[in-house]
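J.: If you want the building blocks of each chain, they are given just below.
2 protein chains.
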Amino acid sequence: MLGNFSYCNPTKLYFGEGSLKYLKGELAKYGKNVVLVYGGGSIKKNGIYDAVIEILKECGKDVAEIAGVMPNPTLEKLYEGMEIARAHKADFLLAVGGGSVCDYTKALAVSVHCDEDPWEKYYLRFDEPTCEVVPLGCVLTMVGTGSEMNAGAVITNREQKLKIGHVFADESVMPRFSVLDPTYTLTLPHYQMVAGIYDIFNHICEQYFSGTDDNTSDYLAEGLMRSLIHSSRIANKDMQNYEARSNIMWTATWALNTLIACGKDTDWEVHMLGQAVGALTDATHGMTLAAVSLPYYRHIMPYGLEKFVRFAKNVWDVNGEGKTDEEIANEGLAKMEAWMKELGLVMNITELGANEGMLDELVKATLVMEGGYKVLSKEEMREIFRESL
Amino acid sequence: MLGNFSYCNPTKLYFGEGSLKYLKGELAKYGKNVVLVYGGGSIKKNGIYDAVIEILKECGKDVAEIAGVMPNPTLEKLYEGMEIARAHKADFLLAVGGGSVCDYTKALAVSVHCDEDPWEKYYLRFDEPTCEVVPLGCVLTMVGTGSEMNAGAVITNREQKLKIGHVFADESVMPRFSVLDPTYTLTLPHYQMVAGIYDIFNHICEQYFSGTDDNTSDYLAEGLMRSLIHSSRIANKDMQNYEARSNIMWTATWALNTLIACGKDTDWEVHMLGQAVGALTDATHGMTLAAVSLPYYRHIMPYGLEKFVRFAKNVWDVNGEGKTDEEIANEGLAKMEAWMKELGLVMNITELGANEGMLDELVKATLVMEGGYKVLSKEEMREIFRESL
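Quick mapping for you: the protein sequence lines, in order, are chains C and R.
Just so we're aligned: 247 in the working numbering is position 4 of the first sequence, and the numbers increase by one with no gaps anywhere.
Just so we're aligned: 377 in the working numbering is position 134 of the second sequence, and the numbers increase by one with no gaps anywhere.
None of these hints come from the bench; they were simulated from the model.
Among the hints, erroneous ones may be present.
Identical copies go unnamed one by one, so any copy, or any two together, can satisfy a pair.
[Said to hold, decoys possible] Below, simulated DSS-like cross-link-like pairs (lysine-lysine); rule was C-alpha separation at most 27 Å, straight line:
1. LYS578 with LYS617
2. LYS617 with LYS566
3. LYS480 with LYS550
4. LYS255 with LYS272
5. LYS320 with LYS288
6. LYS607 with LYS364
7. LYS304 with LYS320
8. LYS320 with LYS364
Hey, can you work out the whole structure from these sequences and the hints?
T.: In structure tokens:
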């Protein structure tokens, strides 16, 4: 059954090489005081920073900067940004970077005018904003999170060792526009590219492996997975292949902009397991997901066998003739594993800096989701982390 | 190659049984003077009219009505509506009906404040609106056209025997919101249901059968087609199956809201052929498409063989082993034909009121599109219409 839902995604996307030219027209819609948000400074090396600054100047904007947003943006960094944005009386926030920068900017957008502590309000109580939300836009330079067209924002509290994502229901938290130029992603190292690819794939899995209903969303999810597997193999061999990289970029956007979750249950337990690893090791998000995925899926497979059989047949072209459902499902997961190894993904959390001594802390840092085929007990989580070592 | 494009689709969708309850909150955002637009009066029999009027009253709206919008809305009817909306100083247009009512309301939205003739401006010159566009919303009661989430509006000029669609680039022509309650579609006659299903399927085909690029959009299209074929077979046997009908409704929306056309060429020649039949016979839109489709696709198949092979394998699960590409492609079209017959679609234009004597007029009324695998000559069109008799 396609359950009741509402859908609204007003982000305007400018896609393709040279799309930055549309930034000027978009910025003209907002006030003079812009806060430019970016990460570790790679945009200064590849020329994107200069191009954006030039456009901001042409638009006569008064610009403040928040630099150094880290891969797992922290609450401390959010507090720091709030001060800058408040002092600058920000009319608009412009994120230039990947998912972390974009997530951070959304967290900032709901916090600038918030008179409560944002961690308490948005990440512990999961409240919606009750204050004015500062409008934001995004120039995307890395692919994977889908942050460019959704209202999600993950923040890490280092003190509490918690990495929590809040997907806001309020559409005003979504970027007003996002510039998606695939050529910006061509200079990424292979490690970052494949981590992003697995992040995309897992976003789709989290929404696909849930529910037993007959649902259009699952057919769209299969289409996205097939496209991603196809293009990732091309990009893995030829990172400069614009066609493959542009398809990966577009797939990422639709993998996590709420469409394929419409009317159905979703899981997100792999993200909870991975985020616990991320909170403790600061490892790259996509790799943390890759490292825990197969132990998790093999663990829940018996509880959602029908969907795993469908996954094997429709996504991995497994021929089911003369095989039991278990055999078909296992063959699908084996094909997925082979593809992950082909891409060079990190297949265990040891390589990411975790060890047996961290198991208790990892379990403690993992939120339990209830939408998947099996609600994990603490014991099961511990077992999955152990198998991921 | 995923070509450059922009994408923005801000329509808010309320999906599921009982979604009309959200109408009140949406109407509160607009002014007092509402023009209610509907068709032949079926909404008065099934209670939807009363429910909508009740909500309009609760909102304190001043309501004028445009009733009797016909299946192929005419330019005369548009002129009539313009007078009503102007006299009422319309702040908002509310379409309650199927694609024709919604299309008509969009044509009205761009015409109320237009000081030129809308046929000349929007349908012969394909200009964008330069005047204020009256905001509109939609309560959908029939499924197929996707009009509830796009900026397209087809109008028929009976005098000139032309049925022309304009997909506006201006997002303000899209409905601000659409209420999609699948239970509203359960009372439709079988003929209308299957005509709508084929309209959806053909929308996807028109976007799929074009270009030779490797494109995520085509993977999404395949997912939508697989979902539609699956659900249509259930609905065909059990029209009251909410699960199947809701999936069909959702597929219809995504089949024509610009997503699966992003970054690729599209065809639309079947729609041109079908609209010519519609302009001359006033036959149901989806049936006109069904009646000309197979002669058209069999005609262009050699020019886009690779895509037709992919269609056969990925949409119809044709096993290609030991077969030539032509055999695989033909087997795919044969499976499509069998499915169309299973649904009870009209497979020739004779049954729709066309005859051999109309061939010249049909060819004259057909626009030539240039995005498909073969740009049709007048001779080829004539041949396709003849084979469709």
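J.: Now, for every hint given, state plainly whether the structure supports it.
T.: Results of checking the hints against the structure:
1. LYS578 with LYS617: within (23 Å within a copy, 39 Å between copies)
2. LYS617 with LYS566: Answer is within; shortest intra-copy Cα gap is 25 Å, inter-copy 44 Å.
3. LYS480 with LYS550: Classified as between: cross-chain Cα gap 25 Å, same-chain 31 Å, threshold 27 Å.
4. LYS255 with LYS272: both (13 Å within a copy, 22 Å between copies)
5. LYS320 with LYS288: within (23 Å within a copy, 60 Å between copies)
6. LYS607 with LYS364: Within one copy only: 21 Å inside a chain, 65 Å across chains, cut-off 27 Å.
7. LYS304 with LYS320: Classified as within; 24 Å inside a copy, 49 Å across copies.
8. LYS320 with LYS364: within (17 Å within a copy, 54 Å between copies)
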